[in-house]
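Student: These are the residues of each chain, in order.
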Amino acid sequence: MSNTLLDVQNLTMKFGGLVAIDDLSFSAKKDHITSIIGPNGAGKTTVFNCLTGFYKATAGSMYLNKDNNQMDLKKFSDFKVAQKAGVARTFQNIRLFPQMSVLENMMVAQHNKLMVASGFSILGLLNSRSYLQKEKEATEISKYWLDIIGLTNRADDNAGDLPYGDQRKLEIVRAMCIEPHLLCLDEPAAGLNAKESAELNKLLKFIKNDKKTGILLIEHDMSVVMGISDHVVVLNYGKKIFEGTAAETKNSPEVIEAYLGTED
Amino acid sequence: MGKDLIQKSLKDSLFTGIIALALFGPIVGLRTVAKNEVLVVEPKWLVVLLIVIFCAVGRFFINIYTFKKEQRRGEASSFGKAISHFLDEKGSQIAIGAIAFSIIFPFMPFADRYWMDIAIMMMTYIMLGWGLNIVIGLAGLLDLGYVAFYAVGAYSYALFAIHFGWSFWICLPIAGLFAGMFGILLGFPVLRLRGDYLAIVTLAFGEMIRILLLNWYELTKGPDGLTGIPRPSFFGLPFKRYPDEGVETFHTFFGLEYDPMQRIIFLYYLILILALITNAFTIKIRRLPVGRAWEALREDEIACKSLGVNPRNTKLTAFAVGAMFGGFAGSFFATRQAFISPESFTFIESAIIVAIVVLGGMGSQTGVVLSTIFLIGLIEVFRDFESYRMIAFGGAMVLIMVFRPKGILAKRKPTITMGKHG
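Chains A and B, in that order, are what the protein sequence lines are.
So the first sequence is residues 1 to 264, counted in my numbering.
So the second sequence is residues 265 to 686, counted in my numbering.
Only chain B is shown next, with the shape it has when bound in the complex (with noise of 0.2 angstroms):
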């Protein structure tokens, strides 16, 4: 048996490590550079050897270790499998703990300007995660323009900001609701698509709403995008250094000195709430009728039409709660930014969520928080080699796909126990 697999894994690998070759090759190995003012080719191929080397050798140890592990007996429990009998077993504690350390967050002592930076994009992540986990964990929805609803958010936030004077506060809600609005408009011509078809139509939504802002110049201005979107302010008391005549400003109020820190302090516990506001809503929600509609839905649609269930309105209220919480995501974005362009919605911004939502295990909520750490943290980590943080950011989701085929955490807890009843 074990000589067999050595075979087998050396034929893998030898296989890899072609392939490596035919692509690396041409692509690292032939380079131009410009000599006298000529263009000449000049091979690098000890690189490519390197390269094709270090793919069939890991190949190799990957088949060894995980791929034919069915072959070696009972040496079933691997690394991540322990990892998450360990989130399984403590995840009421982990929780517990994850929120206790993000509220003492910004008294750290290394909790400086840029950690505090990469901490509120992480829970604007982790919200936009939470709020997709609706529409693709629970009701099985493949929405690949999630950015839409969130470009949405942000931009009636701004608008309403900008011409109405509208505070924080009831610009909030009403940016979600438009985002709800827009949600429930895709999700009417998609009723009766699933999978492959609703991806590609979700994302051409994506994409249609993003030129619309990029083209409506009137109400959008276009690529120039929008400017000066009032910052938010501590109840009505302003961060700002110099305030207008007679405005009392946060620092003058509680009698600090002023300093640019509390206003990143005061966004970050802003998005930490909006963000833990949704995930107690999802929790809550996912126990009642509505929540298990969006589950059975997804486990089988003519099944739930057998019983009754409405599967048109449950749709529709999955992608219109999903959308609203993208909506509040992309209100703070806009106040956090003070200034919003289409460039900020792209196609990649919703595969990064897509991403975030089935790396972390569909349907899991502590599965969004690690994957978005995981992710977002190896490209912020990986900032200072430039292009090469995509890689990083590629090969950590092999790596989830390797170790954890079905996501971080897969394991889904029942709605409802006979136990708490009888």
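Only chain A is shown next, with the shape it has when bound in the complex (with noise of 0.2 angstroms):
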């Protein structure tokens, strides 16, 4: 079980008679990528909500596994989830800071670290060496990011002025600044073109076997889904119906039932 990084258990999400979620359990492993797919409405967002600490779940359990060390997810709320857990999350509609330049995005993710090494602004102030010295590894750290999705000559610029497939990849890399052990990515191609959703795939997998980061995914891009997937999880109005690999699925009778309805 060791290798299991994120335990769902009856998760269940009522939004007072909307039952959003009912009843739902899943696994997703250390080194593998897990997937929840679904029709529109199925509750997948809702899901990352509870698990991001947006919402409060109404019952069952979510536990982290951090370095052998089993983390209660319920415990935390919103931005606790990141800092103290490290789970990082992007958005549906894209959240960057778009007034702030590309590097200021990414400098705004190591947020915590830097704080503690500003001396919660005192030592700042003062202009202290070892400040400045941990102020420039964040920002190799933040070079090193953008060198990987190629958007180091553009860190200078306001990251709403980028285009929409740069700002997609540079919410990903963000996500990855705060160092999470689980990455939730809600629908990451959405709006992609073919030749921008292989460049994600590609940055995906890097994520996943370079830097030994759980991702778990919300995607309606079956190219994506079906191409580096691990693991899939098909919900249907909260519930899970479908459970297994890329394959599994596309060939399973429920998961084509929910997307295309029953021959009659």
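What the hints contain is simulated information worked out from the structure, not anything from laboratory work.
Here a beta-carbon is modelled for each residue, glycine too, at the ideal position from N, C-alpha and C.
Treat the hints with care, since some could be wrong.
Claimed, not checked - To give a feel for the contact side, a few chain A residues facing chain B, derived at Cβ under 7 angstroms:
#, residue
1, S101
2, S121
3, I122
Claimed, not checked - According to the in silico footprint, chain A covers these stretches of chain B (three or more CB under 8 angstroms from chain A):
#, segment
4, 423–437
5, 565–572
6, 612–621
The task is to assemble the complex, starting from two chains supplied on their own in separate frames and drawing on the hints.
Tutor: See below:
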């Protein structure tokens, strides 16, 4: 079981009378890309919002295995999930800081580390050398990630001025700057063209293999899902209707039914 | 295209004329005069006609030269743009020049008592603008009750100085600390609010502080105000013509003739130093993680949370730091006036400071200076025209919004650049 990164048991989320997630159990492994797919309104984003502390789940448990340390994600509220548990996420509609430069976006993601280094601003105001050193290191980390997505030459431009595809990639590497154990991506391929989604696949594989970061992926683009997923969870009306490898999912009658309807 | 534009503009200016007639007809046109102890209505239609024509023609030209600019091909470079480009290019030289000018200002031949008083007032507003810029410009929290912190600073300075007799340099940090604490006090209940709702609550907070000062008679002497606030001294040397027995004064120590201007000049340098400290602090903290978090919070709070930035602490520090500088400015105000009453801390003060920040261009330090000179300067120039000066004030705001809708200086410089390190 030590290979399990995320263990979700009997997760239920109700909004008044509406059951958005109904008794959902699944797990994600460390070196895996786990995809959550399903028709619109199936509750995929709600699962993310529960995991990342934006919603408080009605019932169920969520445990993250952080260096063999079981962390109860239900105990953390919003920003603490990212800060303490190391769960990073991106959003369906991109949420960058549009009026800030690309590099500044990356630096904000390293906020907690830099805040401590700047002695909660006091050392920073005094221009302490140790803080300047840490700031330089943070810039190096930013540069490392920007080099990977090929945006280093645009580091000083406003993030909002980037083309759409680059904004998507920037949001992913910005999330990686908090050095997460689990990266949750909400439709990262939405609105990307074929070339851009191929680049995205490469980036996600790099994060999985070289950075050893588990990825949880919500996606509609089947070329992305089938191309890189190690494990697929299919939701419909808040319930899990299928779980298996990409190839198994493709041929599952339940999944076909959920997407295309029944023959009669 | 051109004909269409003129036709549209004519229609628009006709409409403006009708609105002007509806507004100014009753307000200006009908005037009641007492004749033989009877109130008679005296129409002034000629004045109304002139106003209506002025509005309509003015609107026509605004239409042609600014609003419909994009329809006139390739003639986008307007006056405002040229100015802002110039300011962007020569920003640092202008800043150094402005600081140099403000240092030699008291020794200019024209700098008499009147000009010095205006300069001191402008400096106070610039400092308040820079303080509020942290809250509004950087953290994006629309605070309409900033004058409350100004008041807290002034009153805590006055009370400590009167009751304990502590000197300016001891009371100043205490007043800043108190104002900062009130900043946190305001911050807690408004953590979840933003935009309009935040503005309403902060506005109410400003009024609450003022009413508290008005009614807590035992402590604040209510509407009577606090008198006899000690004047600041120059490192222990007071500015007095007839000092107490055995006390050395500023003019005897330096072997000068007594001149009341010495104190004014000292006050001027005091507020100049305080304002420059505020500015230097803001410029520095913007480049620190907390400053970047403020701006990130202004851009997108949800994204901040997803990156593990604590929105509560970040907002509270913005409120506290902004309030602290308001408190410093308040102490200066108290020691300059030697008398404070709740009347000095009405909502209009908050409104002027917010106007300075917004019209200057959110987050721009130089913009605050420019809009202060423009707005406060205009109010002063028009002082002789009494009630018309508020029209001038409003007109200035309209002009800035027409020519520079995002404020005088809207361009934001990144806090860190790749070029510096890589």
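Student: Is the interface hint satisfied for S121 of chain A? The criterion is a beta-carbon contact with chain B at less than 7 angstroms.
Tutor: holds, 5 angstroms
Student: For the segment 565–572 of chain B, do three or more residues have a beta carbon lying closer than 8 angstroms to a beta carbon of chain A?
Tutor: holds (count 7)
Student: Interface hint check: I122 of chain A, Cβ to nearest Cβ on chain B, cutoff 7 angstroms. Holds or violated?
Tutor: violated, 10 angstroms
Student: Mind checking, does the segment 612–621 of chain B have 3 or more residues with a CB under 8 angstroms from chain A?
Tutor: With 0 residues closer than 8 angstroms to chain A, the segment 612–621 of chain B misses the three-residue bar; violated.
Student: Min Cβ distance, S101 of chain A to chain B: is it shorter than 7 angstroms?
Tutor: Check passed: Cβ of S101 of chain A comes within 4 angstroms of chain B, closer than 7 angstroms.
Student: For the segment 423–437 of chain B, count the residues whose Cβ lies under 8 angstroms from any Cβ of chain A; is that count three or more?
Tutor: Since 0 is below three, the answer is violated.
In summary, the numbered hints that this structure violates are 3, 4 and 6.
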